[in-house]
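Model the full structure from these sequences, guided by the hints.
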Amino acid sequence: EEITVFAASSLKTALDLVAADWQAETGNVAVLSYDGSAKLAKQIEQGAPVDVFISAAADWMDVLEAGGLLAGGTRRDVLGNGLVLVAHGAAEPAEVGPELDLAAMLGGGKLAMGMIASVPAGQYGHEALVSLGLWDSVAGSVVETENVRAAVKLVGLGEAALGIVFASDAVGEAEISVVGAFPEGSHARIVYPAAVTVQGKAAGRAFVDYLSSPAAQARFRAQGFRVP
Amino acid sequence: MTDAAWQAVWLSVQVSFWATVLSLPVGIWVAHLLARGRFFGRQVLNGLVHLPLILPPVVTGYLLLLAFGRQGPVGRVLDEWFGIVLAFRWTGAVLAAAVMAFPLMVRAIRLAIEAVDPKLEAAAATLGASRWQVFATVTLPLIAPGIIAGAVLAFAKAMGEFGATITFVANIPGQTQTLPSAIYAFLQVPGGDGAAFRLVVISVAVAMGALVASEVLARRVHARVAGRDA
Amino acid sequence: MTDAAWQAVWLSVQVSFWATVLSLPVGIWVAHLLARGRFFGRQVLNGLVHLPLILPPVVTGYLLLLAFGRQGPVGRVLDEWFGIVLAFRWTGAVLAAAVMAFPLMVRAIRLAIEAVDPKLEAAAATLGASRWQVFATVTLPLIAPGIIAGAVLAFAKAMGEFGATITFVANIPGQTQTLPSAIYAFLQVPGGDGAAFRLVVISVAVAMGALVASEVLARRVHARVAGRDA
Amino acid sequence: MLEVRVTHRFGGFSLDVAFTAPAGVTALFGRSGSGKTSVVEAVAGLLRPDAGRIVSGGRVLYDSASGVDVPVHRRVVGYVFQDARLFPHLTVAENLAYAGRVTGRRVDMAPVVAMLGLGALLARRPGALSGGEAQRVAIGRALLAEPAVLLMDEPLAALDEARKAEILPYVERLRDAAVPILYVSHSLAEVARLATTIVVLEAGRVVRAGAAAEVLADPAAVPALGLREAGAVIGARIAGHEADGLTRLETVAGPIWLPRIAGEVGAALRVRIAAQDVILSRGRPEGLSALNILPGVVSAVRTGEGPGALVQIALGGEFLLARVTRRSATALGLEAGVEVHAILKSVAVAQVDIGAG
Amino acid sequence: MLEVRVTHRFGGFSLDVAFTAPAGVTALFGRSGSGKTSVVEAVAGLLRPDAGRIVSGGRVLYDSASGVDVPVHRRVVGYVFQDARLFPHLTVAENLAYAGRVTGRRVDMAPVVAMLGLGALLARRPGALSGGEAQRVAIGRALLAEPAVLLMDEPLAALDEARKAEILPYVERLRDAAVPILYVSHSLAEVARLATTIVVLEAGRVVRAGAAAEVLADPAAVPALGLREAGAVIGARIAGHEADGLTRLETVAGPIWLPRIAGEVGAALRVRIAAQDVILSRGRPEGLSALNILPGVVSAVRTGEGPGALVQIALGGEFLLARVTRRSATALGLEAGVEVHAILKSVAVAQVDIGAG
Ligand SMILES: Nc1ncnc2c1ncn2[C@@H]1O[C@H](COP(=O)(O)OP(=O)(O)OP(=O)(O)O)[C@@H](O)[C@H]1O
Ligand SMILES: Nc1ncnc2c1ncn2[C@@H]1O[C@H](COP(=O)(O)OP(=O)(O)OP(=O)(O)O)[C@@H](O)[C@H]1O
Ligand code: MOO
Ligand SMILES: [Mg+2]
Ligand SMILES: [Mg+2]
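Residue numbers (my numbering), protein chains in the order written: chain A, 1 to 228; chain B, 1001 to 1230; chain C, 2001 to 2230; chain D, 3001 to 3357; chain E, 4001 to 4357.
Worth flagging that the hints you see were computed from the coordinates, not collected in a lab. Take these hints with a grain of salt, some might be off.
Below are the EDC-like pairs computed for lysine to aspartate or glutamate, each with C-alpha atoms no more than 20 Å apart in a straight line [stated by the list, open to error]:
#, chain 1, residue 1, chain 2, residue 2
1, B, K1119, C, D2117
2, D, K3164, E, E4202
3, E, K4164, D, E3202
4, E, K4164, E, D4083
5, C, K2119, E, D4083
6, C, K2119, E, E4094
In structure tokens, the structure reads:
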């Protein structure tokens, strides 16, 4: 059986491997289509022929649930993620907290993060900076990107001195280093809800189940995700 | 390169080809209306044609989705009456690319039509050619360089179209994942730049091939149209 | 509507205006080279001009970033020698929009140049006009409709440009947040469609205004060029 | 038969003409800018007059009163434009075949190609033609449209005399085939040879119109036609071809000899005799190189401002015009009723001025 | 002085001409398609010949051997194109002012505007001109370029006689101002009046070239020029303007009277007398309306295939041509050495055939 999975872009590294494992194990095929969670959710609203949706943001999953587009009882939070401060090149690790002199670390450079109004990583990052009391000192230096990967790229190129990205995004990037992780309480918990859509095939349910299997969880962890 | 990448290349070429070929007659017709028509609502038509240029591609994609999606008014009719489904199919990618390229194609053809000397058309009419015959035997051959230019612009644009396509038909490998979508996907993963770069090179090579072919063709056609012997 | 939204509108208008105005002379020059030049590398130039059409906008944005970013070879020179910084500035948005619109502008102007009767240029030369004077006094006025068409295409495209702009200059409200970026942001949040729609309407209104103005202008110019009394 | 009544204004110029063109060639004659092309365009349907009525062979082509305006392609006019207007993307052969192609008629191009000497040009495109060649192709293209009305706007202006001499007989044959032809020309020689009717325009108005023989022999019409081009047309009949290459013509006033004229004995001709080529003598002159001496009676003398006088001589029922100086008119006592001999050189009547009657 | 030596091939046509155009008007005469426009374009620099050398006033404009090819705009030719080629986006006034504008010269347009009758058209655009009007503007535009060489390709073909008669004196004045003029025309009348030198082309080759008076009075050149247009040019001097509107001219063979000629007493003129306008008589004729009777001696008689004969008559040191029938030549016993009287109507010599000497 072949299923189509819509997944948030940031999952691509890990999910490609997980899906390959699942395919090898079950003989089923998972076709993966990645994009921003918002766009995927809207496409599902418009009847996209998809079996499984894995979102990077709970709010869009809420929208679909309210719209009756999810198969009842299939939604679950399959993954978590952390938020980290990254720098261009090798960087001294530092404690990310209210005492951090972020402005000084920037030294006139830019702080890259996803669009704070819309991109999940940007929303979490904004929330964290505000709660740590750091926002006002760096607001003028923030450059907001279309998606979190673009923020990674800006730091990687050195166009931005620092960036705030998901922990999973910092994995495997040669030109950037993690300065430190944002403390748990500084932002809402980062979760990736997955669900089978109303028209989802049976294999979709199996796939969602598989995401919580130990093999899959190992893959996710290796890519910097947290598992519940 | 992966199979999926090659699939994306092939899909993009197909999509661009069909988007160009299918929209060409409509483009010529609309360009003619805009260049020579004197009807009420010409400005409205002109605006509509330009819309995909003015709107961010994502918005165009959403509008297509709203209109041609399974739930959309047009999409539903097409599906129920003709069994044609566009959303999330490669045919939808053709539609998205055609719509996005349409303003470029129309403008090129329209400029060519406006450059045709109406005296030649008048001469054809005195020889008994009806309006349609004048168009087919005089105007059309004379605007051939403009049509070629419009087609190659459309093809190039279709090869590069991303925002509207991915919004309308998503990014499903082997089904709707065009070259730009594949490039985008590679750019999203660490270390994907190399693969993305290879696809960019292929994309550029294909489009340049079309471009050079069109130039050669246009030159030959232009010499004919200018009345010189080939 | 919020202040930030109005800022985005105003910024987009400014960016589109400057992108059009500043690239126009270059566009005319390149179009002339492509239409009339017989130099080695014409096809390469032609390919380069079309590149932004062929490449997914994000790729163009990255390439701009690589070249014109603070770390990029061109960007560094511009910064150190002239103090010009483009990355993350509205001036960078102008560059991105200009680059993306360039193929459209050049093609329109080029078609117009190719439609100019070389016999008229020859007549001007016999009257003592140098190549440059022939261009300025005969070719240029005769291609005015094409220039207007090219400019309006470029303006419209600049109003809608999103991918390359956001990649090159990111989204800094009040500085680089253009209308398409703002629309995109609204579309990303649940319930943001209404606000996005309002911005789309404004965007369309502005571009349509430019479009209608250009049509009126082009018609007047065309009548002149066709040798009819105004 | 073509009836034209048209009024139109452009900027400073106003056109207000009405005339009837019977079968045959109607020449529109007039100075540059007098409105000739505008009239022709109105007939073709390329200019929509402010008001008027155009009827061709009983078919109303345009009538501002009743709102009739037949589209150009239904008017079936063959229009030879003042500028050649060939289709640049088509070869000469394709240009010639154009009318047949769009109307689906099968047309034999061969005679027209031969007459116009286009054989060697058929594969060329218009951009590679000389001015005269292009004009010939344009003539051929219009002829091959087998039009109900032929509109020719200075069709021969770009051609040399020899070529003109080849083409004129063809136009004559068309005239005789009863296709009404509206013919614009600056050349009175052409007009006199071809025209059955002459319409003289001046600044958008008809100043003289009528049968060619009448208009051309009317001293009063001379100013409108141009002095140098004045001359009369007389009827003649081929009486015989003689051994030394001359052809003897019988006219109402007696025989005249002209260089060999193609035509069978008995054929009727129209011979234009330019007023300036006629010398008058009171007595019968002897020992001159001029062979043709026609006795007649002065019927009118018209003197203008200048030093010249125009003398109309009645020869039987026809008229000849002679231009002489006032000094000679006085010296010879020329006035109505006086008997004179008109002396006329054989060679002064050029081939171009002889048309099939 | 302009030296032209050019070879060029297009498809089936090959051009291979060499001639020298001294100061004055050099007429390029030849049938349609004989290569006239191609030669003119080579001089202007619009056609790059396969090989050859073009030198204007000592300045090498083109030389295939040494690779010289002066760009068009440095050649300073004033080119009146066979098609008018006006700038459609400029008004008539702006078209006329164009050369001044690009070269920064200040030029007084008034005399040219007046001569060409363009006053009322200045604000118009070319699209709103008649064919003849456009051609006049094109002439004006070239004249106002104050060129070092003037190239005129059938400049008057679209014009009526009256307008031609107005423009020709202006071209004459230019000729006399020593601007070399290359003048293409089908009209031998124009050529004879203007030309100091005549170059006759046939199928891309020069078949006859030389001083106008010589070529035109040479019976052997007649076939190339066309029979009807044959005629000679004789020198004359204005001897007086008489009360009845005639001007008395002194020629080598005696006085002749022509209708009023503008010019001061004593001014030198060139008068073209068409061969067909001359009647010959052995004895001195009396009682004729023709005023001008010039005694002379037959210097050559040339008979061709046709019924005509061309007789050259020596008058002092000059020559006249007369076209008569062979029958008359035999009847009058015309042969070299015979004394004859040439009879010539005053009015037969039209204004257009009289040029300032
Ligand atoms: N569109 C126009 N606007 C203003 N005036 C015009 C327009 N078209 C023609 N005219 C004028 O109308 C008059 C008649 O033009 P038309 O072309 O009929 O002349 P014509 O008799 O054919 O002259 P020609 O012998 O020079 O070709 C001219 O004075 C011309 O300037
Ligand atoms: N580009 C070309 N290709 C082929 N043949 C050409 C080309 N241009 C001109 N010719 C031929 O060269 C010959 C000379 O042309 P040209 O224009 O010089 O003639 P012309 O003497 O000016 O004739 P006209 O009196 O008809 O204007 C013609 O037979 C023409 O067909
Ligand atoms: O994974 Mo996202 O929705 O592109 O931040
Ligand atoms: Mg006309
Ligand atoms: Mg020519």
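- Which of the numbered hints are not met once you compare them with the structure shown? none
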